[in-house]
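J.: Protein chains in written order, with our numbering: chain A, 326 to 577; chain B, 2 to 147.
Mixed in with the good hints, there may be bad ones.
DSS-like cross-link-like pairs, simulated, lysine-lysine; straight-line CA separation at most 25 Å [claimed, not checked]:
{"#": "1", "chain 1": "B", "residue 1": "K26", "chain 2": "B", "residue 2": "K75"}
{"#": "2", "chain 1": "A", "residue 1": "K480", "chain 2": "A", "residue 2": "K383"}
{"#": "3", "chain 1": "B", "residue 1": "K75", "chain 2": "B", "residue 2": "K25"}
{"#": "4", "chain 1": "A", "residue 1": "K393", "chain 2": "A", "residue 2": "K429"}
{"#": "5", "chain 1": "A", "residue 1": "K393", "chain 2": "A", "residue 2": "K483"}
{"#": "6", "chain 1": "B", "residue 1": "K75", "chain 2": "A", "residue 2": "K398"}
{"#": "7", "chain 1": "A", "residue 1": "K429", "chain 2": "B", "residue 2": "K75"}
{"#": "8", "chain 1": "A", "residue 1": "K483", "chain 2": "A", "residue 2": "K429"}
{"#": "9", "chain 1": "B", "residue 1": "K4", "chain 2": "A", "residue 2": "K398"}
{"#": "10", "chain 1": "A", "residue 1": "K429", "chain 2": "B", "residue 2": "K104"}
{"#": "11", "chain 1": "B", "residue 1": "K4", "chain 2": "A", "residue 2": "K429"}
{"#": "12", "chain 1": "A", "residue 1": "K483", "chain 2": "A", "residue 2": "K383"}
{"#": "13", "chain 1": "A", "residue 1": "K483", "chain 2": "A", "residue 2": "K398"}
{"#": "14", "chain 1": "B", "residue 1": "K75", "chain 2": "B", "residue 2": "K104"}
{"#": "15", "chain 1": "A", "residue 1": "K398", "chain 2": "A", "residue 2": "K429"}
{"#": "16", "chain 1": "A", "residue 1": "K398", "chain 2": "B", "residue 2": "K26"}
Worth flagging that the hints you see were computed from the coordinates, not collected in a lab.
Note that the structure is a prediction, hence the values are computed from the model and not measured.
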Amino acid sequence: METNEVLEIALSSGYLLLSNGAEAYRVEETIERICSAYSLECECITTANGVFVSVLNKNGEKVTSLRKVRNPKVDLYKIELINTFSRNIQDNNISYEEALQSLKEIESAPEFSFPVRIFAACMTSFVYSLFFNGTVFDSIISATISIGIYIMMDKISKLGFFQFLEFFFSGFLIGLISMMADALLPFASEQNIITGAIMILLPGVPLTNGIKDIIYGDFTPGFIKVGEALLIVVAIGAGIGAALTLGAGVRL
Amino acid sequence: MIKQIILAFFGSIFPVILFNIDRKKIIWAGFAGSLGWATYLAVYNFYMPSVALSSFAGALVVGLYSEIMARLLKTPAVQFSIPGIFPLVPGIIAYMTISSIVKQDYSAATYLGFQALAAGGAISFGIMIASTTTRLISMITKHDTD
Numbered sequence: 326m327e328t329n330e331v332l333e334i335a336l337s338s339g340y341l342l343l344s345n346g347a348e349a350y351r352v353e354e355t356i357e358r359i360c361s362a363y364s365l366e367c368e369c370i371t372t373a374n375g376v377f378v379s380v381l382n383k384n385g386e387k388v389t390s391l392r393k394v395r396n397p398k399v400d401l402y403k404i405e406l407i408n409t410f411s412r413n414i415q416d417n418n419i420s421y422e423e424a425l426q427s428l429k430e431i432e433s434a435p436e437f438s439f440p441v442r443i444f445a446a447c448m449t450s451f452v453y454s455l456f457f458n459g460t461v462f463d464s465i466i467s468a469t470i471s472i473g474i475y476i477m478m479d480k481i482s483k484l485g486f487f488q489f490l491e492f493f494f495s496g497f498l499i500g501l502i503s504m505m506a507d508a509l510l511p512f513a514s515e516q517n518i519i520t521g522a523i524m525i526l527l528p529g530v531p532l533t534n535g536i537k538d539i540i541y542g543d544f545t546p547g548f549i550k551v552g553e554a555l556l557i558v559v560a561i562g563a564g565i566g567a568a569l570t571l572g573a574g575v576r577l
Numbered sequence: 002m003i004k005q006i007i008l009a010f011f012g013s014i015f016p017v018i019l020f021n022i023d024r025k026k027i028i029w030a031g032f033a034g035s036l037g038w039a040t041y042l043a044v045y046n047f048y049m050p051s052v053a054l055s056s057f058a059g060a061l062v063v064g065l066y067s068e069i070m071a072r073l074l075k076t077p078a079v080q081f082s083i084p085g086i087f088p089l090v091p092g093i094i095a096y097m098t099i100s101s102i103v104k105q106d107y108s109a110a111t112y113l114g115f116q117a118l119a120a121g122g123a124i125s126f127g128i129m130i131a132s133t134t135t136r137l138i139s140m141i142t143k144h145d146t147d
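For reference, chain B alone in the conformation it holds in the complex:
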């Protein structure tokens, strides 16, 4: 579990280099990934073993973290939210879907495909809620959005 959280940290640092982030902020992008994955694991193991719900919780935490960091470091929030959702992407489920289609096991493919779709939608929705909430707060307090 600890090993996976550390791997999630590196798994957010390396892809963000491909997007040419400011060198001083790489480490904060890494924390976004670990935080999101730690939330995912906590919800999955201690609350309910549901991929969609855990992905939603992880993405929500990543979204809130990146909006807060964006205000603290005065930088666009996407710099942290994009690397942060990388560990949450349902890569294995998507692969298993394709592999079931190839084996012509369509009932498994439908089951897995909907699971991957639900996880993807949950990630989008988590980021969406985090960013809508912070936008609402900043509209109420009349700070300009960043």
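Isolated chain A (complex conformation):
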């Protein structure tokens, strides 16, 4: 394989990892593994939304390339596939066309369909409402709210909207609907509905990945991810707080 082709494969793998929510050390390890499989020296830096790779070609010139991630999402299955792919390259040096082909296959790997994901979101809220000692009625209301929230979040994230506003708005809606349910239905409890419904919004992935990045010494992406997670929590809290304050004013 030519230097440029190795660079392209390594960069594409790194890009796919980063855009599907992998930790920074995994991205760097994968790129270094692919480059060293073709006996190239490489330097690599990962930030929260971009990868930089620099390799030495045969003439001793440095070739640097970067790619930016615009719409990151979480897809654990693709991370696993790329992990296997990079080990495969390490064990048997495959050709450029083969590598491109398998990267293309990974990119179009199967996902759960939209109805299945809605069902999962709905059941998450149902289970957690019960888990925090709610009744079945609370769980059903909570599950209904989370169907609406999940569909809304999916549509808004496709628009590339400012993400903290969408979390604030989701929190606001959750607070508003559960307060109305509490006031209108005698058997519903606001607390259990809210605790169930916010579970699908929680930033579990940025938090755990950020901590892992910090452990591995990648402070730049690590603190950015932890900060992002904290901002999301604050946005949800502010949304719910705004709705509850509004409700408290109405009741008085």
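Got chain A sorted already, so can you dock chain B onto it with the hints?
T.: Then chain B, alone, in the frame of chain A:
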């Protein structure tokens, strides 16, 4: 108690579908959640009724479980640690904090807010210690990290 552990199992399975996990590994993610919550309950009821300490113990067990499973199934550890900490998240305390702020009961809000912060920090620290320990072991035995 048994009911809560079973609910924790489902509470780890459903959120992980949103993250598109490999279908064959969903059930192992569920066990991560039950194991973490069982540890939480055991520490809370039989050792010391402290939210932070119990969350720490739960997260530590989840972290160790996911690192072990990651090596057995040859897959990244995050697939099990992310769903595993879902039941430990202090959702109720966070809600009660906001609700006290709305009621302008700031002393209760401070008390509850610090409790939620401590529980969140304890979860992070548990995962951190589990993953640092396994990394240290794999560095000593010269296996490459996964």
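J.: The structure should be examined with respect to each hint, and the outcome stated for every one.
T.: Each hint tested on the structure:
1. Using a Cα cut-off of 25 Å, the hinted pair B:K26 and B:K75 holds, with the two alpha carbons roughly 11 Å apart.
2. Our distance criterion of 25 Å between C-alpha atoms is broken by A:K480 and A:K383, whose separation comes to about 48 Å.
3. For the hint linking B:K75 to B:K25, the alpha-carbon distance of about 13 Å falls within 25 Å, and the restraint holds.
4. Restraint check: the Cα-Cα separation between A:K393 and A:K429 comes to about 18 Å, which is no more than 25 Å; the hinted pair holds.
5. For the suggested pair A:K393 and A:K483, the alpha carbons sit about 18 Å apart, so the restraint of at most 25 Å is met.
6. Proximity of B:K75 to A:K398 is assessed by CA-CA distance (about 23 Å); at most 25 Å being required, the pair is judged to hold.
7. Between A:K429 and B:K75, the direct Cα distance comes to roughly 22 Å. Compliance with the 25 Å bound is thereby established for this hinted pair.
8. Annotation: proposed proximity of A:K483 to A:K429 holds, straight-line Cα distance about 22 Å (limit 25 Å).
9. Proposed proximity of B:K4 and A:K398 is contradicted: the alpha carbons are some 33 Å apart, above 25 Å.
10. Between A:K429 and B:K104, the direct Cα distance comes to roughly 55 Å. Violation of the 25 Å bound is thereby established for this hinted pair.
11. Restraint check for B:K4 and A:K429: the C-alpha separation of about 44 Å exceeds 25 Å, so the hint is violated.
12. A C-alpha spacing of about 43 Å is found between A:K483 and A:K383, which places the hinted pair above 25 Å, so the restraint is violated.
13. With a CA separation close to 11 Å, the supplied pair A:K483 and A:K398 stays within the 25 Å bound.
14. Distance restraint check for B:K75 and B:K104: the Cα-Cα separation of roughly 50 Å exceeds the 25 Å cut-off, and the hinted pair is therefore not satisfied.
15. Between the alpha carbons of A:K398 and A:K429 the distance comes to roughly 18 Å, so the proposed pair stays at or under 25 Å and holds.
16. Between the alpha carbons of A:K398 and B:K26 the distance comes to roughly 20 Å, so the proposed pair stays at or under 25 Å and holds.
Consistency note: the structure conflicts with the earlier hints numbered 2, 9, 10, 11, 12, 14.
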